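Chemist: Below are the chains, spelled out letter by letter.
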Amino acid sequence: MAEVRLEAVTRRFGKVTAVDGVSLTVPDGSFVVLLGPTGAGKTTTLRLVAGLERADAGRIRIAGHDVSDWPPARRDVAMVFQQYSLYPHLSVRDNLAFPLRSPLRRLGAGEIDRVVGEVAEMLHISHKLDNRATQLSGGEMQRVSIGRALVRRPAVYLMDEPLSSLDAKLRAELRIELKRIQAELGATMLYVTHDQIEAMTMATHVGVLREGALVQFGSPREVYEDPDSVYVATRLGQPRINVAPSHLFPALDLPPGASLIGLRPEHIEVGGNAPNPVKARVGRIEHMGDQTRMHLLVNGASLVTLTDPHTRMQPGEEVPIAAVAPLFFDGDGRRIRRSGSMP
Amino acid sequence: MSAYSITEPSRRQKWIAGTLVILYALITMAPLAWIFLTGFKSPPDSISYPPKVVFTPTLEGYVNLFTTRSRQTREYLDSLGPARTWYEEIVRKREMVIAGPSKFGERFKNSVIIGFGSTFLSVFLGTLAAYGFSRFKVPLKDDLMFFILSTRMMPPIAVAIPIFLMYRSLGLSDTHLGMILLYTAVNISLAVWLLKGFIDEIPIEYEEAALIDGYTRLQAFYKVVLPQAATGIASTAIFCLIFAWNEYAFALLLTSGTAQTAPPFIPTIIGEGGLDWPAVAAGATLFLLPVLVFTILLRKHLLRGITFGAVRK
Ligand SMILES: Nc1ncnc2c1ncn2[C@@H]1O[C@H](COP(=O)(O)OP(=O)(O)O)[C@@H](O)[C@H]1O
Ligand SMILES: [Mg+2]
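Protein sequence lines, in the order shown, are assigned to chains A and B.
Using the working numbering, the letters of the first sequence map in sequence onto residues 1 to 343.
Using the working numbering, the letters of the second sequence map in sequence onto residues 1 to 313.
Be a bit skeptical, because a hint or two may be false.
Stated by the list, open to error - Computed beta-carbon distance windows for the label pairs:
no.: 1; chain 1: A; residue 1: Arg-338; chain 2: B; residue 2: Arg-135; range: 49 to 57 Å
no.: 2; chain 1: A; residue 1: Asp-69; chain 2: B; residue 2: Phe-124; range: 29 to 37 Å
no.: 3; chain 1: B; residue 1: Met-29; chain 2: A; residue 2: Asp-167; range: 46 to 54 Å
no.: 4; chain 1: B; residue 1: Arg-299; chain 2: A; residue 2: Arg-61; range: 48 to 56 Å
no.: 5; chain 1: A; residue 1: Ser-164; chain 2: B; residue 2: Lys-137; range: 48 to 56 Å
no.: 6; chain 1: B; residue 1: Val-159; chain 2: A; residue 2: His-194; range: 56 to 64 Å
no.: 7; chain 1: B; residue 1: Asp-143; chain 2: A; residue 2: Glu-111; range: 46 to 54 Å
no.: 8; chain 1: A; residue 1: Ser-68; chain 2: B; residue 2: Pro-155; range: 51 to 59 Å
no.: 9; chain 1: B; residue 1: Ile-204; chain 2: A; residue 2: Ile-176; range: 26 to 34 Å
no.: 10; chain 1: A; residue 1: Ser-126; chain 2: B; residue 2: Ala-185; range: 47 to 55 Å
Unchecked claim - Here are a few chain B residues that face chain A, going by a calculated C-beta distance under 7 Å:
no.: 11; residue: Gly-18
no.: 12; residue: Pro-139
no.: 13; residue: Asp-142
no.: 14; residue: Asp-143
no.: 15; residue: Met-145
no.: 16; residue: Phe-146
no.: 17; residue: Glu-208
no.: 18; residue: Ile-212
no.: 19; residue: Gly-214
no.: 20; residue: Tyr-215
no.: 21; residue: Gln-228
The hints are simulated quantities; they were obtained by calculation from the structure and are not laboratory data.
All of these numbers come straight from a predicted model, not from anything done at the bench.
For each residue, glycine too, the CB sits at the ideal point set by N, CA and C.
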């Protein structure tokens with residue numbers, strides 16, 4: 001396992017700058033999650049580390065070596081592709097053994113069998129080992145492609161939304177399993193996901209990409225609680241953070257320049273004895289099973305918060321609400337921190 | 001199963017479709033069957049009118065195909081004593097003796113060398129070129145692909161005279177190498193275009209995965225691309241072989257001895273009083289076999305095309 005460093009890496013495709021001067025250190029043994037909407041450059045970042053793309057500028061180091069000019073095979077990385085790529089002409093067993101049979105590795109047949117058996121067991125695909133790769137369901141294929149990375153002990157694992165095509169139950173199971181494997185092996189992991197639970201529960205560090213640029217990097221808690229911008233704040237949190245004009249709550253003590261406030265559900269206190277409350281009207285109440293969302297209308301703005309599933313509040317009802325320790329942003333969405341609390 | 005299933009045809013539909021298929025098969029097979037049967041007829045039976053469907057089969061056609069014979073007097077034949085082999089006996093009945101083997105074996109061998117040689121070369125070069133065009137940034141790619149296609153825009157025979165003259169001065173006339181190069185030149189554009197289509201269909205992620213897993217590009221090509229292109233390679237090989245195997249005009253023009261293939265040779269098999277139809281039919285029957293066997297051997301790969309694309313792209 002090893003540390004991975006990107007130093008001001010840029011990759012352009014014609015007019016599009018897919019990765020824009022990204023500097024990022026994935027510490028040895030850490031689990032770094034990249035977040036960002038489609039087209040933010042997450043996949044390209046992984047491909048740059050893997051050596052499938054050449055950087056137009058900047059250097060990439062793995063375990064201290066400058067690998068910028070190395071071919072993929074020499075970089076000692078394993079990658080799970082966003083679009084799974086099992087070899088359709090091979091059985092599941094041969095797919096899993098394929099990386100171990102590389103001329104670079106020269107493992108004995110017994111050793112290969114043992115490793116393949118172990119990984120298949122772990123991913124619950126032992127009974128499918130002799131099937132053709134094309135005879136599997138989507139979820140099984142995805143597990144095999146994760147397995148094809150796990151049979152190796154590379155310097156770094158690169159995973160591009162590996163759990164996205166699985167059903168919820170399997171996703172939860174594999175999330176725990178992957179995290180366990182990573183922790184056990186002390187593996188270095190660079191992981192792309194859209195899933196907030198994956199980001200919050202698995203990551204030791206989260207990097208947020210925006211149009212190819214790394215806009216914030218820190219622990220999941222930091223990124224969630226202390227975002228640098230509206231953009232970063234909206235990456236994490238279900239329901240999304242509410243962004244509203246700052247004058248919505250007249251009682252708030254605004255720092256200079258603040259024109260927007262960000263309110264996560266936990267920043268909104270409904271009813272009770274909140275000081276200086278504002279009147280809100282209850283809109284829809286959505287029962288989503290694991291959470292219950294309540295829409296609130298305040299002076300023409302719409303806010304979403306969470307409530308208890310057996311709430312006795314009714315749509316149309318008026319309730320007092322207050323903002324508790326919200327986030328402040330300027331007109332361009334940049335975070336404004338109170339002087340003194342600046343990190 | 002419901003009576004109105006959309007996926008399962010009704011009995012009546014099956015019956016009609018089956019009848020049509022069998023009728024079509026009969027119509028296309030009839031000439032082949034006729035050639036096959038004629039090969040086992042005696043020369044008089046083969047030209048009798050009305051044509052005979054029931055006849056006494058004989059191997060005379062095959063014996064005549066593989067031998068040259070000379071007519072002898074009764075006395076001379078009697079002086080030879082009894083025939084030692086079954087084929088001598090057949091020939092003696094026509095008051096002839098076997099003078100030696102015919103050229104058919106050699107011509108057939110030429111066909112095999114030239115047909116399979118040019119097929120191998122076309123597919124080999126075609127696969128590499130198609131892979132290059134499919135995967136790499138090639139300057140003027142579209143123009144080059146169009147140029148390759150344009151070599152087939154006129155019938156090859158239109159350039160017969162220049163090729164004849166070139167081959168004469170290069171010493172390629174009537175050589176195996178000359179014919180292999182010629183058929184390869186004609187087939188290569190088809191091979192590149194067909195194979196590029198097939199290779200384009202293979203997602204590039206497969207090779208990228210192999211590169212990351214510790215394989216070189218050449219190893220990835222060999223281990224990942226080739227097996228998945230097997231369908232395309234097999235069908236391309238069949239097309240190339242059929243062209244090279246059946247080609248008549250260039251073979252007639254450019255070969256006469258050492259490198260002559262079977263197509264220009266078969267019609268020259270002359271027997272007593274004109275064409276020896278049973279021998280010609282026997283030659284045609286044997287001539288059909290290699291392509292038939294080749295196609296059957298590759299059938300497995302052609303069928304595999306059906307499962308192609310079962311993996312999400
Ligand atoms: N091979 C390519 N050719 C041209 N543009 C590309 C290529 N790969 C990625 N891009 C562009 O780069 C940007 C980032 O893409 P990508 O890294 O795939 O984003 P993400 O994985 O975050 O969705 C997108 O605008 C995409 O269209
Ligand atoms: Mg992506």
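Chemist: Range hint 48 to 56 Å: satisfied by the CB atoms of A/Ser-164 and B/Lys-137?
Modeler: About 31 Å separates the Cβ atoms of A/Ser-164 and B/Lys-137, which means 48 to 56 Å is violated.
Chemist: With chain A as the partner, please determine if B/Gly-214 meets the hint condition of a C-beta pair closer than 7 Å.
Modeler: Cβ of B/Gly-214 sits 3 Å from chain A, so the hint holds.
Chemist: Could you say whether the range 26 to 34 Å given as a hint is met by the Cβ separation of B/Ile-204 and A/Ile-176?
Modeler: Distance hint for B/Ile-204, A/Ile-176 holds at roughly 33 Å.
Chemist: Grab the minimum C-beta distance from B/Pro-139 to chain A and call the hint holds if it beats 7 Å, violated otherwise.
Modeler: At about 17 Å, which exceeds the 7 Å cut-off, the nearest Cβ of chain A leaves the hint on B/Pro-139 violated.
Chemist: For the pair B/Arg-299 and A/Arg-61, does the Cβ-Cβ distance stay inside 48 to 56 Å?
Modeler: Given about 53 Å between the Cβ atoms, the range holds.
Chemist: Grab the minimum C-beta distance from B/Asp-142 to chain A and call the hint holds if it beats 7 Å, violated otherwise.
Modeler: violated, 18 Å
Chemist: Against chain A, with CB atoms and a cut of 7 Å, does the hint on B/Phe-146 hold up?
Modeler: With a closest approach of 24 Å, the B/Phe-146 hint is violated.
Chemist: Given a cut of 7 Å on the nearest C-beta pair, is the interface hint for B/Gln-228 held or broken against chain A?
Modeler: holds, 6 Å
Chemist: Mind checking the hinted window 51 to 59 Å against the Cβ distance between A/Ser-68 and B/Pro-155?
Modeler: Distance hint for A/Ser-68, B/Pro-155 holds at roughly 54 Å.
Chemist: Note whether the CB distance of A/Arg-338 and B/Arg-135 lies within 49 to 57 Å or breaks it.
Modeler: holds, 56 Å
Chemist: Are B/Glu-208 and chain A close enough, Cβ to Cβ, to be under 7 Å, as the hint says?
Modeler: Nearest chain A Cβ about 5 Å off; hint holds.
Chemist: Next item in the hint list is B/Tyr-215. Is there a CB on chain A closer than 7 Å to its CB?
Modeler: holds, 6 Å
Of the numbered hints listed earlier, those contradicted by the structure are 5, 11, 12, 13, 14, 15 and 16.
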